[in-house]
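There are 2 protein chains.
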Amino acid sequence: MDRKEKRALELGEILTSIQDDLDKVKDNLTSLTRVDFDWLSEQLGYVVKSDGKGIRPALTLLAGKFYRYNLGYMLAMATAVELMHTATLVHDDAIDKSNVRRGKATIYKIWGGETAILLGDYLFAKAGEAVSDTQSPRVIKLFSQTLATISSGEINQLLGAFKTDQTREDYFQRISGKTASLFSLSTESGAILSEAPETSVNLLKEYGFNLGIAFQVVDDILDFVSTEQTLGKPVGSDLAQGTLTLPAMLLVEHYPQDNPIKKVFQNIDREKNIARAIDMVRNSSITDECYKIASGYCHKARQTLSQLPENSSRPVMEALADFIITRAK
Amino acid sequence: MDRKEKRALELGEILTSIQDDLDKVKDNLTSLTRVDFDWLSEQLGYVVKSDGKGIRPALTLLAGKFYRYNLGYMLAMATAVELMHTATLVHDDAIDKSNVRRGKATIYKIWGGETAILLGDYLFAKAGEAVSDTQSPRVIKLFSQTLATISSGEINQLLGAFKTDQTREDYFQRISGKTASLFSLSTESGAILSEAPETSVNLLKEYGFNLGIAFQVVDDILDFVSTEQTLGKPVGSDLAQGTLTLPAMLLVEHYPQDNPIKKVFQNIDREKNIARAIDMVRNSSITDECYKIASGYCHKARQTLSQLPENSSRPVMEALADFIITRAK
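Residue numbers (the working numbering), protein chains in the order written: chain L, -6 to 322; chain S, -6 to 322.
The hints are simulated quantities; they were obtained by calculation from the structure and are not laboratory data. A portion of the hints provided could be inaccurate.
Any copy, or any two copies together, can satisfy a pair, since identical chains are not distinguished.
Restricting the straight-line Cα-Cα distance to at most 30 Å, the calculated cross-link-like pairs of lysine-lysine (DSSO-like) are [what the hints assert, rightly or not]:
1. Lys19 / Lys42
2. Lys256 / Lys156
3. Lys226 / Lys285
4. Lys19 / Lys156
5. Lys265 / Lys156
6. Lys19 / Lys90
7. Lys156 / Lys285
8. Lys285 / Lys19
Modelling step: build the complete structure from the supplied sequences, incorporating the hints.
Okay, here's the thing in structure tokens:
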């Protein structure tokens, strides 16, 4: 089936069954902005209202429904993963000096890099507070380990920036760290907190991991094929920051001579070569090749689900695996 | 007694009774550097070997000795507070664009601000892992709350930078957040983890808090009266960064007209006016006034101790309160 035909359901429709609890997570996030300091309240309101997709908290809630769904623990954990995600974005924008995200000026742009560092730290702290409300040292440890994985993955990305001699293994290791680890934390923690047996914990962790890899591959495709309006940030941002994503890697492989990616990374006619790279990716088989790889991971994710008990979450998580591929932003 | 006569004991001598356990904390920190990635190992080795005073982990161990001293929990917690402290320093240096700390080039200087942000995040994560080993959700929550307090305190400092119209209340609120909160976490967590009764938890928390305030006031004095060699960073750094510390505040109060601090903050003849401010603080009663205030907090800390059971920690913690005032760096 063509991926465009498949785009039947929007994320909101897919998540209908957990919408009430997702709204409670949103309430938790909003209540964070009620602090004594006006300036902090303003900054927090700004990031919290940035309207992320909420896939990660949704994954926690969904994974928690296979066994004993403890609402209090689930909301705490879902809030924690969303806060950790938000904190990493605030820091990423400071690192990449990004001016726009989700169609809005970034914290970095408005308040500067210094405030972005500290506000990110504050959000990590609030994430830590939320996760401590799960009362589970195992989940808290997992949460911290994930942050260690994400940040070392990001340092790795920095060190690899502007280098074209990277292998696919490097790429998948990198996105495992920076993206899939948080997806798998989201599902694994939901499973642990619902007292799932270890085999189910592992299956749900694996589902999240594969979904996360697919999500990042699609993100990397969209950076080439989408529009600035849809993305909420300029197309080709990854290239501009020297990040060699899968489509860029394939472009280097397919056209080793006279390659625009190499030129961008060597800072030769940057703008022109970014535009040329985008054009070449769009008008080649590369997009399809990348989607095929992403679909492979979504397929793995779906297979994992089939080994779990049937419940209300399973069809939602299957639909999510489809959504990840067909999403436009 | 004059504070110089009092400088009888060095920190190492004061802490002799807990040195074995402090060494184990150091081993924990060193073991962090054994990671798969060479680059990360190098960066971690660099920060971990930066040879901090280790006052915070010492406070945790000392506070843990009044009731049931559980070595495993104590080492985990002491490691966590030192890691949190290190992480905040790495971020602070990126924020302040500081090139030198403790006589060594900073992570910011060597690897850049981007790496400093991520390495700081990694250290927070490792601190989170360590604190999760205490198995105490209460302590874990306290730990996260402290990080929230520190980072919002630091944002507050940023927003107040280069402003001379600050009150003493502003100053004490700021240093409570950025310094005393971590000192009080160190002692309070040691108390909680040793199953101290709540009154003792509060007394030990209060001791840590007052000690932390005194520590920061002395830090702020030393920034004026010490030497670059002793401090391991340039004298007058606070002024250069626009931070109005207590001595600077008193200088503004005492000499409202033609004041060098105001000129530094207005960026008028910066270097000359920093030198002039240092000179004026050194050759006035300001240093003594500030030391008197710091001593007041140390006195409060000592008084708190007198309400706790007598044990091996009490004399050490009394000596620490003296050391805080008499220390040269």
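Comparing the hints with the structure gives:
| no. | hint | verdict |
| --- | --- | --- |
| 1 | Lys19 / Lys42 | within (9 Å within a copy, 42 Å between copies) |
| 2 | Lys256 / Lys156 | within (11 Å within a copy, 47 Å between copies) |
| 3 | Lys226 / Lys285 | within (25 Å within a copy, 55 Å between copies) |
| 4 | Lys19 / Lys156 | neither (40 Å within a copy, 37 Å between copies) |
| 5 | Lys265 / Lys156 | within (19 Å within a copy, 45 Å between copies) |
| 6 | Lys19 / Lys90 | within (28 Å within a copy, 36 Å between copies) |
| 7 | Lys156 / Lys285 | within (25 Å within a copy, 57 Å between copies) |
| 8 | Lys285 / Lys19 | neither (34 Å within a copy, 49 Å between copies) |
In terms of the numbered hints stated before, the structure departs from hints 4, 8, listed from lowest to highest.
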